[in-house]
Structures are given as structure tokens and as C-alpha cells.
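Required output: the full structure, derived from the provided sequences and hints.
Number of protein chains: 2
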Amino acid sequence: MAYLADKMAKKKIVEADLSTEEKIKQAAQKVFMKKGYAATRTRDIAEEAGINLALLNYYFRSKEKLFELIMIEKLGNFFGAIAPILNNENLSLEQKMTQLSGSYIDMLNENPELPLFILSEIRYNPDRFANRMPLQKIVESHLTKQLHDKRPDLHPLHFLMNLLAMTVFPFIMKPVIHAAGVFSEKTFVAKMEERKQLIPRWMSALLRMK
Amino acid sequence: MAYLADKMAKKKIVEADLSTEEKIKQAAQKVFMKKGYAATRTRDIAEEAGINLALLNYYFRSKEKLFELIMIEKLGNFFGAIAPILNNENLSLEQKMTQLSGSYIDMLNENPELPLFILSEIRYNPDRFANRMPLQKIVESHLTKQLHDKRPDLHPLHFLMNLLAMTVFPFIMKPVIHAAGVFSEKTFVAKMEERKQLIPRWMSALLRMK
DNA sequence: GTCTATAACCTGATAGAC
DNA sequence: GTCTATCAGGTTATAGAC
Chain A
1 MAYLADKMAK
11 KKIVEADLST
21 EEKIKQAAQK
31 VFMKKGYAAT
41 RTRDIAEEAG
51 INLALLNYYF
61 RSKEKLFELI
71 MIEKLGNFFG
81 AIAPILNNEN
91 LSLEQKMTQL
101 SGSYIDMLNE
111 NPELPLFILS
121 EIRYNPDRFA
131 NRMPLQKIVE
141 SHLTKQLHDK
151 RPDLHPLHFL
161 MNLLAMTVFP
171 FIMKPVIHAA
181 GVFSEKTFVA
191 KMEERKQLIP
201 RWMSALLRMK
Chain B
1 MAYLADKMAK
11 KKIVEADLST
21 EEKIKQAAQK
31 VFMKKGYAAT
41 RTRDIAEEAG
51 INLALLNYYF
61 RSKEKLFELI
71 MIEKLGNFFG
81 AIAPILNNEN
91 LSLEQKMTQL
101 SGSYIDMLNE
111 NPELPLFILS
121 EIRYNPDRFA
131 NRMPLQKIVE
141 SHLTKQLHDK
151 RPDLHPLHFL
161 MNLLAMTVFP
171 FIMKPVIHAA
181 GVFSEKTFVA
191 KMEERKQLIP
201 RWMSALLRMK
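Chains A and B are the protein sequences, given in the same order. Heads up: the first sequence at position 76 corresponds to 76 in the working numbering, and the numbers run straight through without jumps. Heads up: the second sequence at position 115 corresponds to 115 in the working numbering, and the numbers run straight through without jumps.
Because the hints were derived from the structure by calculation, they are not lab data. One or more hints might be untrue.
A pair counts as met if it fits within one copy or between any two copies, since identical chains are not told apart.
[As the list claims (entries may be wrong)] Think about it this way: if two alpha-carbon atoms lie no more than 27 angstroms apart in a straight line, the pair counts; the simulated BS3-like pairs of lysine-lysine are:
hint: 1; residue 1: K74; residue 2: K137
hint: 2; residue 1: K35; residue 2: K25
hint: 3; residue 1: K210; residue 2: K137
hint: 4; residue 1: K210; residue 2: K23
hint: 5; residue 1: K210; residue 2: K150
hint: 6; residue 1: K65; residue 2: K34
hint: 7; residue 1: K186; residue 2: K30
hint: 8; residue 1: K210; residue 2: K196
hint: 9; residue 1: K63; residue 2: K186
hint: 10; residue 1: K34; residue 2: K186
hint: 11; residue 1: K191; residue 2: K34
hint: 12; residue 1: K63; residue 2: K23
hint: 13; residue 1: K65; residue 2: K23
The model shown is predicted, which means the values in this text are computed figures rather than measured ones.
Next comes the structure, spelled out in C-alpha cells:
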């Protein structure tokens, strides 16, 4: 009950007590994530923010610049959470896998549209993203070294791809699962909760293989 | 050499000897897949097909209807290839996994943009796709029964999700990998070729686990 | 069937009043 | 800072000539 009241209070703040600039930013985030850059009209954002269309350009100059701002933040969410874990030299391989699947699934449960949003926008406009993603830092991470010590025969890229795939792919399939009516939102969250424990165990099984 | 000549001959047919209707269809497929529905202009399609804009509406009435046509075909490619394998009662669990990763990776190598295209469009317009995907047929497949016999403790959904994730996810990450300059097209194909053998072995390891 | 020309509408952005 | 009104350009779709 207290939690629910807290949530409602938070919602109210979002709707009312925010600066105009912040209201536009949050509205833009919501609409861009839902429709993608191309299908979003600046009018949609203005309406969602409860302000006039002209104010959007007053604060952010253009649709493009507003989108850039949102995208930088989202790229940070999507890639920023991985690298620190993969490069933490105090964690064992098993601890890294547990932390990564755990914290990443938590983050994605809060923001389930994030992967497909980012991936779609990169797909439809790759130029915008050249040299913007810290993927090399992920490939050359401390985890890669640990993996090489344990299983020099297994290419780290396959391992990383599998770890990410098991964690992220269900969220990418989420719209399909719902559109097909396979199961409910609640069941989905529960299944992902299970995966937090299962993924590290599956990945360990891959490491022990053969 | 003969193969190359054959390919070039095919290309020429595509460019010249096709009916107007077919030329538009193929152009639409190309442009929709590259830019997505919202960012595609009918003018782009007309230009790509080498015809006039009016002809597009003459043959297909509207952008929307043309898109529907393409999408039905693509949904067939994406989902249609899975169900027959998963429901083939003459294949063992291991054979199913081998065939699925093998034939699916082959298909995706020919059409690497397919998953992200479909997933993006569903995400940005879920209503269009309600009750259009044979996902229930996949969940209730013969593979599910075999899996239940072997490992009643492992939910088939987790298993299927992992199998699909390992197979499809790399293609979803492909634009990221290229935009980040991690490695070349040729290396990507080679790595996916490796995975055709590796995925069934990994999945078997998951089945033996614990 | 295929084209040109144009209608009808929509979208991002700005000018100018308050 | 915020609004209304409007511009300039682009988009889908169609009318009508050939």
C-alpha cells in the first residue's frame, strides 16, 4: 500500500511538478521508444508533454537534436551496464555471469523496450552510431582473459554472444510473445526471474562441455 | 565460375525481364527491409523499381497494402521454417536441434536483416500482427513433448528461447557489430558457420546439466 | 498499362503577439 | 517562456492524357 502510494506520488510529480524542459524530455523518451524516430511526430511529443509544439523547438531546436539527446542516454543504459561488470577484476568468471544476468535482467524489466528500440534505430540508421558504442571494450574485457585461461579453445565471442543472447533475446521477443498471446505480462516477468538463476548455470554447463 | 555467371544472369532478370508488378514487389521488399515502414517513401520504391510512382498505386492501391503483402511473405520466412522441423515426429531431439540451427542460420545468412525487420515492425505496430503468428504451434510442438520426456523439470519455453536466442541473436546484433567495427562481414559469416555445429552441442550440454 | 500533373494532406520549424 | 498562426517543403494518392 505504501509502495503503491509512493508510485502514484511519483507519477504526479512527473505530470505536474517538472520543468518544461524535463517534461518534454520525458515525453520524447516515451514516444520515441514506442514509435521509433521515423514514425514519431513532434506533435505527438508536444501533446504527451502537455505543452505546445513551438516550445519543443524553443528548447531543443529540432526533432533530430532531441532524439540525439535521448539516444545518448539510452545507449548509456544499454551498453554502460555491461562493461563495468565484465572488467571488474575482483570477480570470478562465475560471479561475472551471475551479476551480469541478474542486474541486466533487472534493468531490462524496468525498461523492456530498450534493446529493440536501440537495435532498430541502429539498423535503420547505422551512420548515426558509428564509433559510438564501447563494443571493443566489451570484447577485450577482463572476462575475455579469464575465459581464455579456462577454455582457450572456445572463442570468447561465442561465449559472450551466448550470454547476451540468453539474457537479452527474450526481451526482444516480448512484443511477438504478447502479440501472439502466448502468455501474460506477469508470467513473462516470472520467467525472466527464473532465468536470473538459470543463465549462469547454463553458461557454466557450456564451459564444462566436452 | 558457372555459379557466378548464374547469379549474374539471375540479377539481370531481376532488373529487366520481370513484370512491372513483380519489379515493384521486389523493390518494395528491398526498401521496406532497409528503412522500415515509417521511413520508406513510395517514391523510393518507385525509383528502385525503375517505374513511375503512379504505377505503384495502380497495382497495389496503397503503401499500406503493399507493405502488408511483403510482411506476410516475410513472416512466413521467419516463422514458417521453424514449425515443420519442431513438429517432425521422425527426428530425435538432437536431430531437431541440428537441423534447426543449421537450416535457420543458412536462411538468415541469405536474409540477415529479416529478424530485426520483423521484430521492429511488430514492436512499432503490434496491432497489425495480433493473431498472425504461429507461436502457439511452436510452443506445443513435438519437440516440446520430447523435451518433457527427457527433462520434465526444464520448462520447454526456456529451452526453446535459448535455442532461438543462440541462433537468431547474432543476426540481431549484426548492425551493432558492424557499426562498432568489431569485425568484417566475412568473419561474421565464418563465425555463424561455426555456430551451426556448436549450437546443438551447447544445447545438449544444457540438457545434460545437473 | 504507363505517364505527367496536381490535389489533398501532413510535418518540422519559425514569426510574432503576449 | 509560452502561445497561436502560418510557412515551406514533402508525402500519399488520384485524375486524366496517351
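Checked hints:
Proximity of K74 to K137 under the C-alpha cut-off of 27 angstroms is restricted to the intra-copy arrangement: shortest distance 18 angstroms within a copy versus 35 angstroms between copies. For the identical chains of this complex, K35 and K25 are neighbours both inside a copy (15 angstroms) and across copies (25 angstroms), given an alpha-carbon limit of 27 angstroms. Taking the closest pair of Cα atoms, K210 and K137 never come within 27 angstroms of each other, the shortest separation being 29 angstroms inside a single copy and 33 angstroms across copies. For the homomeric pair K210 and K23, neither the shortest alpha-carbon distance inside one copy (55 angstroms) nor that between copies (51 angstroms) is at most 27 angstroms.
For the identical chains of this complex, K210 and K150 are neighbours both inside a copy (13 angstroms) and across copies (20 angstroms), given an alpha-carbon limit of 27 angstroms. For a Cα distance limit of 27 angstroms, the shortest separation of K65 from K34 qualifies both inside one copy, at 18 angstroms, and across copies, at 23 angstroms. Taking CA atoms no more than 27 angstroms apart as the test, K186 paired with K30 passes inside one copy only; the shortest distance there is 22 angstroms, against 38 angstroms between copies. When the C-alpha separation of K210 and K196 is checked against a cutoff of 27 angstroms, the pair qualifies both within a copy, at 25 angstroms, and between copies, at 17 angstroms.
For a Cα distance limit of 27 angstroms, the shortest separation of K63 from K186 qualifies neither inside one copy, at 35 angstroms, nor across copies, at 37 angstroms. Taking the shortest alpha-carbon separations for K34 and K186, only the intra-copy value of 20 angstroms comes in at or below 27 angstroms, while the best inter-copy value is 34 angstroms. For the identical chains of this complex, K191 and K34 are intra-copy neighbours only, at 24 angstroms inside a copy versus 33 angstroms across copies, given an alpha-carbon limit of 27 angstroms. Proximity of K63 to K23 under the C-alpha cut-off of 27 angstroms is restricted to the intra-copy arrangement: shortest distance 15 angstroms within a copy versus 35 angstroms between copies.
Taking the shortest Cα distances, K65 and K23 sit within 27 angstroms of each other inside one copy (16 angstroms), while across copies they are farther apart (37 angstroms).
Violation of the numbered hints given earlier is confined to hints 3, 4 and 9; the remaining hints are satisfied by the structure.
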